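Undergrad: Chain residues, written in single-letter form:
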Amino acid sequence: MELVKKVLNNDRASIAKAITLVESSNPKDKDESKELISSLINHPGHSIRVGFSGPPGVGKSTFIESFGTYLVNKNYKLAILAIDPSSNLTGGSILGDKTRMSEISKSQNTFIRSTPSKGSLGGVSYGTREASIILDAAGYDFIFIETVGVGQSETMAANLVDIFTLIVGPGSGDELQGIKKGITEYADIFIVNKNDGDLKLQASKTASDYKSALSFYSKQDNQAAKEVLLVSSIEQQGMDSVIDTINEIIKFNKLNKIFDARRENQLSYWIKEEIRNQIQSKLDLEVGNDTELLDMTKAVIKGEINIYDVSDHFLDKFLK
Amino acid sequence: MNKKNNKDDQLTEWKKKFEAETKTSRADNFIINTDEDIGIKPLYIEEDIKDLNFVDVGSLPGHDPYTRGPKASMYVNRPWTIRQYAGFSTAEESNNFYRKNLEAGQKGLSVAFDLPTHRGYDSDDEIVMGDVGKAGVAIDSVEDMKILFDGIPLDQMSVSMTMNGAVLPILASFIVAGEEQGVAVKDLSGTIQNDILKEFMVRNTYIYPPDPSMRIVADIIEYTSREMPKFNSISISGYHMQEAGADNVLELAYTLADGIEYVRAALSKGLDIDDFAPRLSFFFAIGTDFFMEIAKLRAARTLWYKIMKDFGAKNEKSLTLRTHCQTSGVSLTEKDPYNNIVRTSYEALSAVLGGTQSLHTNSFDEAIALPTEFSARIARNTQLILQNETGVSNTVDPLAGSYFIEKITDEVASKAWEIIQEVEELGGMTKAVNAGIPKLKIEESATKKQAKIDSGDRVVVGVNKFQNPKEPKIDVLVIDNEKVREDQIKKINLLKGSRDNKKLEKSLNELTEDAKNGNNLLYSAVKAIKNRATIGEVSKALENVFGRHYATSVGVSGVYGKYFEGNEEFMHVTKKIQDFEKLYGRRPRVLVVKMGQDGHDRGAKIVATSFADIGFDIDMGPLFQSPKDVAKDAVENDVHAIGVSTLAAGHKTLVPELMSSLKELDPENKIIVFVGGIIPEQDYDFLYEKNISAIFGPGSNIIESAEKVIDLISDKNNQ
Ligand code: B12
Ligand SMILES: Nc1nc2c(ncn2[C@@H]2O[C@H](COP(=O)(O)OP(=O)(O)OP(=O)(O)O)[C@@H](O)[C@H]2O)c(=O)[nH]1
Ligand SMILES: [Mg+2]
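Going down the list, the protein sequences come from chains B and H.
Position 37 of the first sequence, counted from 1, bears residue number 37 in the working numbering, the numbering being contiguous throughout.
Position 230 of the second sequence, counted from 1, bears residue number 230 in the working numbering, the numbering being contiguous throughout.
In the DSSO-like style, the derived pairs of lysine-lysine whose C-alpha atoms are separated by at most 30 Å in a straight line are:
{"hint": "1", "chain 1": "B", "residue 1": "Lys28", "chain 2": "H", "residue 2": "Lys575"}
{"hint": "2", "chain 1": "B", "residue 1": "Lys17", "chain 2": "H", "residue 2": "Lys576"}
{"hint": "3", "chain 1": "B", "residue 1": "Lys106", "chain 2": "H", "residue 2": "Lys663"}
{"hint": "4", "chain 1": "B", "residue 1": "Lys28", "chain 2": "H", "residue 2": "Lys670"}
{"hint": "5", "chain 1": "H", "residue 1": "Lys540", "chain 2": "B", "residue 2": "Lys200"}
{"hint": "6", "chain 1": "H", "residue 1": "Lys628", "chain 2": "B", "residue 2": "Lys74"}
{"hint": "7", "chain 1": "B", "residue 1": "Lys200", "chain 2": "H", "residue 2": "Lys269"}
{"hint": "8", "chain 1": "H", "residue 1": "Lys107", "chain 2": "H", "residue 2": "Lys230"}
{"hint": "9", "chain 1": "B", "residue 1": "Lys205", "chain 2": "H", "residue 2": "Lys431"}
{"hint": "10", "chain 1": "H", "residue 1": "Lys670", "chain 2": "B", "residue 2": "Lys34"}
Just so you know, the hints here were simulated from the structure itself, not pulled from any lab data.
The structure presented is a predicted model; accordingly, all values stated were derived computationally and were not measured.
Please model the entire structure based on the sequences and the hints provided.
TA: Structure, rendered in structure tokens:
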């Protein structure tokens, strides 16, 4: 495939087109997309994939601009996938994350792509995983994935990355709830942003709240310690601590074979998901518009037949 | 029969007649809602002006609460000042223009600077290539400032300067130019805009973040209160808010709330209120809603009196609001442009009936380019005719006592007061601005106005109704910005070759130190400028300490779509977009951008959010992008199209550069590029030759534009 070669050559326009291909919702693009990903997966790069999640407006994009600039100045090559949640009644969307990334987007060493999340809970969008394979093959040192954290989407985002980071704002007690609900399982680093000006006091308080909440969480053996970091994206403060922590966790995880184990897990998860998706779409195709289904539904209403018999009937039919 | 009964009977009879004439059942329901959400009744009567909240009907001009005017005699003694805002190209050319206008009857000067100067860049800076001298006059140093006022005695001429971002080096240059003309600082008269809060909200020529910017404002108020007794330290401006889309209540409320914030900033310097408050001045826009504009000016004076009284001001000059006004540019159209002369005349009359102290009237080519000598003459004469032929100046506040005017004055005041209280609860205007609230409110209001025009609910003659089938051709002012830039660079190099670098460096370091330690910055800026620092060098010295501010807001979506809910044309375009999505596996994706120093973002934001409502995926670029950055952004996001919104005349430089950057990044790109904003017809062919697919000028209907864009994208992808 010509596209594969170009992606491996880090050709900007081709990387962009490859991402469009894997994100396409048109079934006709599926084969080409599969072919692309199957070849690129055999040319792995060395990217570290970091997820940044958090509630709307905590400063994820601003943080990425700030931290990203810091990394680019250290000569790292950086790709950013921003999943933008803003979606409209009629379906269109305004992708505004890049207004917060005006400095970093100027660098030749960055590639920044926004994707409308199409209402998938503001979380990961269709094709994000594939996009990170493309960017890895294209040779980026880091791939940042920005997602809005709501509900389950964190789990999905965490399943795409090597390090998962939760960004919170000063005094946002709501997320502390999340701690108890198990988000700590997924998050490796907690970043308290906006540690500046009037908010400084609140920010330190939030950080210590997180620290004490984390102390209840029993660290398993063979697991890197979870860190709580204080930063100000606007003043570019605390970026050293972020990169140091990332490096330490990666080092620890590699040493303890966690790094590869996670990637393996994610791969199996992906395979399962792929199967689920395919069954789902076949099922929808075969059962969805069935007149038999309509008839049987009516029969259920009339009490002529039991609902479970109907579902078993279709399952048998489908499996045959 | 007593009088009261007689009146009641009359009213009952009037209602009957009204209902018969209008064939409606209830006169009371016959209400027309304004943009301010004030219900206008078909009739106002004595009852309406009893128990008003703020207005004291029957109070006199020159007496509190000053509703009827800051002075007792008003225009009877001296008419308002005709003060036309102008500036373009080089200092030499603008000076020439000013001198001609002064000879022709203009009274005061008002300087329009170019965008690089506003944003603190010298003309030789790469980043401002397309903008030098285009939308105002380029001033790089005190030498340019001296040329600008050559032959204009600064001890006699009052000079207004619209400058906010680079306010320190510009005011310093003005002071030094005066000195070198032989005029003492204390004898300089005029106004510096120095109103940074509205820059963050709507005007977009800020440089530093809000906090240091507010400090600069306070430094200037302090300096002028000490050294320049005849100089207005600030012009607290609502004008730009209305032009950006605010209704009259929003404009008034946020302007007065800004005023409160500036007073506090000055007080925090330890100044006494009456030391500086007499030198606070205001600036409002006068749009087409004739009576509402009059009410706004009367309400403004009434509320400011109350506000200043609460601050403990005693000097009458502190208690009275004095204002400049400008007729509305955004009410003027590119289509059938001579209509604009008529619009401007009504607006001017409205400003005068509202009691403005000075006035700018716009030229009829407003929506096309900077004024020509001809269009500027007509604009000026609009005021000369009003002053000399109509008799409007013969009596003070002629509309006072009108039930209608007094009532809506009070309603405007009451509504504005509510918003001012909301701002107070947020902790004042700096906080509100930081939170982005006023900006969003204004953008929402702007989007509604667009929807009203696009739907035809609001008539704009010559645009959505009564179109002229034969548009007239008119001459436009053309500025050769490459030539201007060359001239400016020559002057900069001359300056840099002849100055004492040691002295210069010392004074720039001093400036940086003062920025850190809190000393008043205008004193050290004056020193640096005397030592021939450029405007850009002074700005940079401060930027090193303060940093540069980047705005992040993207606008309010949903407003336009809501207005068109169920509208057929709207849904027709939405359908086309859905079909496209099925075919190509994603929605049509358009990158909307602003390039160069052009900060007019009203159009870009309205178009972006409305397009998203219609169904496009819209990438919104930040302000001040370079064509190279835009190309990278477009390619990485694999957009189908780029929509360039350009209003400040940079298009002939910036658009071709964008096209070549795109080609360079992706030689086979299929990205179509279209352009919206202020493009004189003379430039259409130039742009088409550069492969621009479509041009959308002022007044374009957004739904129609959206259809054209989706059609163009579909065609391109079909090939
Ligand atoms: C409003 C306005 C302002 C506001 C801007 C508020 C804001 N945040 O946008 C304020 C008062 C702050 C302002 C300031 C200045 N202004 Co002004 N301003 C205007 C004015 C009156 C209206 C522009 C507008 O917003 N119209 C309403 C919107 C909705 O229309 P629009 O942008 O044209 O968009 C429509 C179409 O063009 C098209 N479109 C536009 N973009 C796009 C993009 C896409 C993708 C599509 C499909 C369509 C499309 O569709 C839209 C809907 O119909 C124009 C004159 C005029 N009547 O047009 C002058 C004008 C643009 N300003 C001008 C100048 C010089 C300035 C200043 C530089 C003055 C100075 N020297 O200080 C300052 C600095 C501003 C800055 N930072 O850049 C000049 C520019 C001269 C030139 N081009 O040669 C103009 C033309 C006035 C004049 N004749 O002198 N201004
Ligand atoms: N004081 C302060 N404000 C910040 C900081 N980081 C971001 N902000 C502000 O927080 C607001 C939101 O920032 P974004 O970066 O857009 O937040 P986000 O989390 O990406 O938002 P969404 O993408 O909309 O979910 C902006 O107004 C920023 O200026 C910080 O470090 N300090
Ligand atoms: Mg974001």
